[in-house]
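Peer 1: We have chain E already, so just place chain G on it with the hints.
Below, each chain spelled out in residue letters.
2 protein chains.
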Amino acid sequence: MKTSIDRRDFIKTGMAAGVAVALGPKILSAAPEKEKKIRIGIIGIGLRGTGHLEGLLQRGDVTVPAVCDIDPERFPIAQDLIVKAGQKKADVYQGSETAYKKLLGRGDLDGVLIAAPWLWHFPMALDAMKTGVPVATEVAGAASVQECWDLVEAHETTGTPFMFLENVCYRRDVMAVLNMIRQNLFGELIHCRCGYQHDLREVKFQPGAEFGEKGVHEARWRTEQAVKRNGDLYPSHGAGPVAMVLGINRGNRFVSLTSTATKSRGLHNYIVDHGGENHPNAKIAFALGDVVTTLIRCANGESVLVTHDTNLPRPYSLGFYVHGTRGIWNHDGDRIYFEGRSPEAHVWEKDEAYLRQYDHPLWKKHESKAEGAGHGGMDFFVLNAFVECLKRKQPFPIDVYDAAAWKCITPLSEHSIAEGGEPQEFPDFTRGTWIRRTPVFALGEEY
Amino acid sequence: MKTSIDRRDFIKTGMAAGVAVALGPKILSAAPEKEKKIRIGIIGIGLRGTGHLEGLLQRGDVTVPAVCDIDPERFPIAQDLIVKAGQKKADVYQGSETAYKKLLGRGDLDGVLIAAPWLWHFPMALDAMKTGVPVATEVAGAASVQECWDLVEAHETTGTPFMFLENVCYRRDVMAVLNMIRQNLFGELIHCRCGYQHDLREVKFQPGAEFGEKGVHEARWRTEQAVKRNGDLYPSHGAGPVAMVLGINRGNRFVSLTSTATKSRGLHNYIVDHGGENHPNAKIAFALGDVVTTLIRCANGESVLVTHDTNLPRPYSLGFYVHGTRGIWNHDGDRIYFEGRSPEAHVWEKDEAYLRQYDHPLWKKHESKAEGAGHGGMDFFVLNAFVECLKRKQPFPIDVYDAAAWKCITPLSEHSIAEGGEPQEFPDFTRGTWIRRTPVFALGEEY
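Protein chains in written order, with this note's numbering: chain E, 1 to 447; chain G, 448 to 894.
Hints may be right or wrong, so weigh each one.
To be verified - Per label pair, the in silico range of CB-to-CB distance: (1) G:Gln630 x E:Gly251: 50 to 56 Å; (2) G:Ala734 x E:Lys350: 33 to 39 Å; (3) G:Ala734 x E:Glu153: 36 to 42 Å; (4) E:Gly340 x G:Ala729: 15 to 21 Å; (5) E:Asp80 x G:His793: 27 to 33 Å; (6) G:Ala729 x E:Thr433: 32 to 38 Å; (7) E:Arg341 x G:Ala734: 58 to 64 Å.
Note that these hints are calculated values from the structure, not bench results.
What you are looking at is a predicted structure, and each value in this text was computed from that prediction instead of being measured.
Just so it is clear, CB atoms sit at the ideal spot from N, CA and C, and this is done for glycine as well.
Pulled out of the complex, with its shape left as it was, chain E reads as follows:
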């Protein structure tokens, strides 16, 4: 207990969210503690957790002394990576669904990273905060609005820092556009678009059109969400980066949304195509509409269109789109236009030269380290932010209020759809402090 109390004291003086308000960009370049390696435990070493393990091991400043999973087959893979990185084998926590609590209780961890299936993010994060271990969770929508409040309250009660690992906030083109916005190329922002438009049918099903008990990896637990829920199940890859652009929770906030879902055809068709019409899964009536479209109103008068489109054939696109009073960027088509700057009025330019010219300082500095990291380098940056903040005792750039605002899009969109499109109000998880909270995301070149 001593360790975790000490940690909580340090956290409260250095990293609690309230302190962030008073901190300007300058502190971001404060020197990290020398020598000491950051000790990070990982709960969930499936495909995603193993990816993060590799990312952490590639750094020279992190050790991974503890890993936890319910599937014993994952440990040899993890240990092999750890040993090859020149580190001691990790302690293993396994055998029950609550084994992770023992990992949290070790007392020597500087942070814990949660990459378990969606439904575990919440209880694990809560327990981590209660135990005083700074925690980062993978992304997913929330099960309920209350869950978001509970995360916020756990953070505020315990003072334990929470980070949401939304890697797309660090996508190179999105960060270049953020850089352009900060240099006022777009004027005042008016409307943004984004979404998760990703044909996941081969992820949601095993060969033979199986999932759930007969599935592995995400097919084991992710697909059942589509059986039972109709809403934007995975909003933050789009809404997160756009929230950073719009200063959500930091001078702006999400006020309300409406959601519309189409009929559900894609998953059923896939089962019939790959398992035949007599396959037992062909009887399932999936709740999830194939395309869920959500419109968010913001306190400063902008609107955001968020799309969830994962059941139909389509090329991948997060559909980023930023429209301001002086310019517009449409990632679909790789196009950009600035009034008075683009050579021809009313005519798009290719965005490539702008994205290069306004490459974000973070990417300029860390490009070589990001190369080869997961998801086009984004994973490097999100882990880098987690680790560097732990080292520097600085607030996380994607915090519990961000997580709550983005995750709660899921239950709010479910409610709106269930009520025929009725608008749903976002809770103000910041309890009014969004008015004076200032941006902290990607202000410098360090993390």
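Peer 2: Below, chain G without anything else, positioned relative to chain E:
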């Protein structure tokens, strides 16, 4: 009166909407009446009406014996065109806002085309139907839902055919995609997108940032809509073609919508940029949000995103996008993808080859005539449909029920925005007959 009663009888037996239900594609190739030229009057010969006049005069089968406008300066331009086309000067109706009624009462017109300012479409169309003159109006949103009902009731009561001149229904790429849909390349349709994304600031303002009394052309009457109304003011260029694709009013219908508007900045900024911050117009608080985003739910489970974006700098795009269970087309980026047909899974193809291969029979047949016609040839087709239906005594392919459903997006979106995004139900203007009405749009190669 005799003439118009005769006409109404012919209309009732040949052209009334109810008859359309029983008519298959075959009748569309019925031979037109020989010899007789179709006599069309035009109300409103501003820029748009003059464009239509030119289009009609280029045909060999139409005379324009009557034109009407409130602005005497427009007549010499029109007469010059008419004389150059080898026709007699038209009779002129002018001098008062109700002069058009005299044009309608001539008794010798086969049809009338209305291209007056938006607010005149409704009373003029109503009077035309009451007088028994088949009428086509230019496009615009409705002032109210009741106005849409009144149009429908005037049509049903009088039996006079009504056509809505939505030229974008005939856009070449949109028609090619319609052709692909009818050949089942897209599978079952799930989600469509469209909109009017057109920087109209130079249309809404004269040099010196003037409009209204000090404006000419559309600046004289269109801009005031943006002063007073907040909604999708101009929905049909997007929603019309998509409605054809989805079979709206013909086996499907628009059920409800939600709308979201952003803050209004673009028009004010334009005034300040071009007239200075002390310009009297800089004091105007424009009601119209810069980007209005509307989501429509359809009876068959599809959703449609409609965007209205006319106040900000941006390249023109109607943003067409069609997503089905087997394929997807995104005009932004000129991209298309069909599962199992596109060479690489999850990878877009350029749409060009498909658009050429599936060029609609109408375009194949009339390409040379359409060349040089307004709006990339679309204007040829919409006028051609009007004239050919008059000649053949066939139902118009874009009728009063289509007009009502598309135009009423405007007041419904206003209501939704005013109520914070509350969903609004579409009236069923077909009174339930959408279930058995079958498509008539662009079934053949004639019109």
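Peer 1: Take the hints in turn and mark each one as holding or not.
Peer 2: Verification of the hints:
1. For Gln630 of chain G and Gly251 of chain E, the Cβ-Cβ distance of about 51 Å falls inside the hinted range of 50 to 56 Å, so the restraint holds.
2. For Ala734 of chain G and Lys350 of chain E, the hinted distance range of 33 to 39 Å is satisfied, since their beta carbons lie about 36 Å from each other.
3. Between Ala734 of chain G and Glu153 of chain E the beta carbons are some 41 Å apart, a value that agrees with the proposed interval 36 to 42 Å.
4. For Gly340 of chain E paired with Ala729 of chain G, a C-beta distance near 20 Å keeps the hint of 15 to 21 Å intact.
5. About 31 Å separates the C-beta atoms of Asp80 of chain E and His793 of chain G, a value consistent with the hinted range of 27 to 33 Å.
6. The given range of 32 to 38 Å is respected by Ala729 of chain G and Thr433 of chain E, whose C-beta atoms sit roughly 35 Å from each other.
7. Taking 58 to 64 Å as the suggested C-beta distance range, the pair Arg341 of chain E and Ala734 of chain G does not conform, at roughly 30 Å.
The structure does not agree with numbered hint 7 stated previously, though it agrees with all others.
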